[in-house]
Amino acid sequence: MRRRGRKPDWLYGSAGVTIPFPLPPSSGIGLKPQHYTQALESPPAEDSTHRDGEEFRPGWVEVHPQNYFCQGGPPHRWLAGICEHYPVSFHSVGLSLGSAAGLDEAELLQLAALCERYEPASVSDHLSWSGTANNRYPDLLPLPYTRECLDHFAAQVGRTQDFLKRQILIENPSRYLAFTGDEMDEAQFLHALCEKAGCGLLFDINNIEVSATNLGLDPFAMVAAIDAELVGEVHLAGHAVEEHEYGPLLIDDHGSSVTDLTWQLFERFIARAGAKPSLIEWDTDIPDYAILTGEASKASRIMREASLVHEA
Amino acid sequence: MKLDALQRSMIEAIDKGPDHVADTAFVGGRKGALRGLSVHANTISHARLVALEETFPKLRDLIGEERFNQLSREYVGRNEAIGEPLNAIGRRLAQFMREKPDCDKTAAALADFEWAWLKSYHAADAEALTLAQFADADEETLLNTIVALHPASRITPASARAALLDEVPGLADCAAILLTRPQADVLVSPASEAMVRQIDELAEPQPFCNLLGNVDEQLLAEGLQASMAMLEAGALVLFRQESNLAGNRG
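Residue numbers (my numbering), protein chains in the order written: chain A, 1 to 312; chain B, 1 to 250.
Heads up, some of the hints might be wrong.
[Said to hold, decoys possible] Mimicking EDC-like on lysine to aspartate or glutamate, the simulated pairs with C-alpha atoms at most 16 Å apart in a straight line are:
#1 58(B) <-> 201(B)
#2 119(B) <-> 54(B)
#3 2(B) <-> 182(A)
#4 32(A) <-> 283(A)
#5 31(B) <-> 19(B)
#6 31(B) <-> 245(A)
#7 165(A) <-> 119(A)
#8 2(B) <-> 162(A)
#9 100(B) <-> 74(B)
#10 298(A) <-> 281(A)
#11 298(A) <-> 253(A)
#12 32(A) <-> 285(A)
#13 32(A) <-> 54(B)
#14 2(B) <-> 151(A)
#15 196(A) <-> 162(A)
#16 2(B) <-> 148(A)
#17 298(A) <-> 267(A)
[Claimed, not checked] Some chain B residues well away from chain A (every beta-carbon gap over 12 Å; in silico):
#18 23
#19 35
#20 39
#21 73
#22 74
#23 100
#24 137
#25 219
#26 240
Just so you know, the hints here were simulated from the structure itself, not pulled from any lab data. For every residue, glycine included, the Cβ atom is placed at its ideal position computed from N, Cα and C.
Please build the complete structure, drawing on both the sequences and the hints.
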């Protein structure tokens, strides 16, 4: 496997766990089976930099580990090949860390086996719940921002990190609901979670746009509230828009280009945070590889320009 | 509201509809709750239906999109479906179809076939035993070689063949359908009764001599033919060899 030896510069806390091979601070893509061949034909340049005029090559890729929860066959042949050439992030959608009944043990066992097999650079899941092991809901259901939920969620993240023997990242949710019993806002909840569990954040900026629009919040204030030091990865994606009599409802379907507002929010965040591993997520209506890498190239350019400003 | 009570109420609303929404828990009251929970209910339903479509493309072609959607919606409302992760949601679809009074047996057998195909596709990798490895082996070596079923090998009922005849030659008179994956691709082959017997025998690794049968010459010939067909299809692996075979893979 390709290994990156640099120590993570955002590692903090006292959980006693580390990420041995962090993602490079460049742009990556969510890898789908339709793009395996092209990804293998144009692996990242050794120095992970992109020069004008060159075909853009993602610096790393992300997969959903649940798609590889099988013993063998073509999915593993592809993944093994990809891991030879790219730093890989496992973005789990199935641990159900926020379930009051506790996380999904079967999913954790399978995730651990996959991590053992491929040694991914990063592992992440969501601030959400998905039912129980006997009653599964394939969605990322929202959680209330209460102290009870924080304690419970932090304990589940701690169990996961102990079992995987590594730090994980937790992604902020896209929200369609807010709870009357919330005792803190999202950023406060996420920061307290990182403090209690020793995890990092996967900061999904499209989710900020979705949540802010659906719940009537200020997306720029939400981005500004996030502690950049805790962010180990950024997600960028598109969403669907439904028009209703009460206004637009944004659906986080990852089926289109990153919106102008999400790019603006990303620029604002990167100007403050510096370059971060930043992913283009596209899970439905998968486009041509060139479109995906075009989006990744744009993220790369924004980070490069922000770095120049920082250096100046 | 405590976390477990809140989650129970959300599940109730998602499963049973808007009459069960605990609207005091959500900002925006009943309207806000319905708007948000309906997005989640749609996402959940869509994810389950898409997973079934991706697992059973041939069944969908056979029975048509409308019937398939109706069948899928009935199935995903059942406990046996919602207890499975998405990648295993189709595990009991064929059984569910058989329990229906107007069961289309060919369609149910095709669901069995497609589930078996998926299991074969995802099975552990192993090097299939080939006929070439016996090229220089004497009879005693061959008969004492212990073989096991390749992890990707599956046998499914022949009743699905009507839906597969155009794609797979030789299925018209088969006793069952054999699925194998000696390399990357899943192969579909006709299986004789003798092959089905041998696969049953191979619940545990066996020496070849046990597979061939020794009652009379006709059975012996059938057994030999079946074993050769299984080797050609890549259905077997070497468990232990009693002597050197070509390409020593013990």
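Here is how each hint holds up against the structure:
no.: 1; hint: 58(B) <-> 201(B); verdict: 30 Å, violated
no.: 2; hint: 119(B) <-> 54(B); verdict: 14 Å, holds
no.: 3; hint: 2(B) <-> 182(A); verdict: 12 Å, holds
no.: 4; hint: 32(A) <-> 283(A); verdict: 8 Å, holds
no.: 5; hint: 31(B) <-> 19(B); verdict: 12 Å, holds
no.: 6; hint: 31(B) <-> 245(A); verdict: 12 Å, holds
no.: 7; hint: 165(A) <-> 119(A); verdict: 11 Å, holds
no.: 8; hint: 2(B) <-> 162(A); verdict: 27 Å, violated
no.: 9; hint: 100(B) <-> 74(B); verdict: 11 Å, holds
no.: 10; hint: 298(A) <-> 281(A); verdict: 14 Å, holds
no.: 11; hint: 298(A) <-> 253(A); verdict: 21 Å, violated
no.: 12; hint: 32(A) <-> 285(A); verdict: 11 Å, holds
no.: 13; hint: 32(A) <-> 54(B); verdict: 15 Å, holds
no.: 14; hint: 2(B) <-> 151(A); verdict: 13 Å, holds
no.: 15; hint: 196(A) <-> 162(A); verdict: 14 Å, holds
no.: 16; hint: 2(B) <-> 148(A); verdict: 8 Å, holds
no.: 17; hint: 298(A) <-> 267(A); verdict: 11 Å, holds
no.: 18; hint: 23; verdict: 9 Å, violated
no.: 19; hint: 35; verdict: 7 Å, violated
no.: 20; hint: 39; verdict: 4 Å, violated
no.: 21; hint: 73; verdict: 15 Å, holds
no.: 22; hint: 74; verdict: 18 Å, holds
no.: 23; hint: 100; verdict: 24 Å, holds
no.: 24; hint: 137; verdict: 28 Å, holds
no.: 25; hint: 219; verdict: 35 Å, holds
no.: 26; hint: 240; verdict: 21 Å, holds
Hints 1, 8, 11, 18, 19 and 20, counting from the list given before, are not met by this structure.
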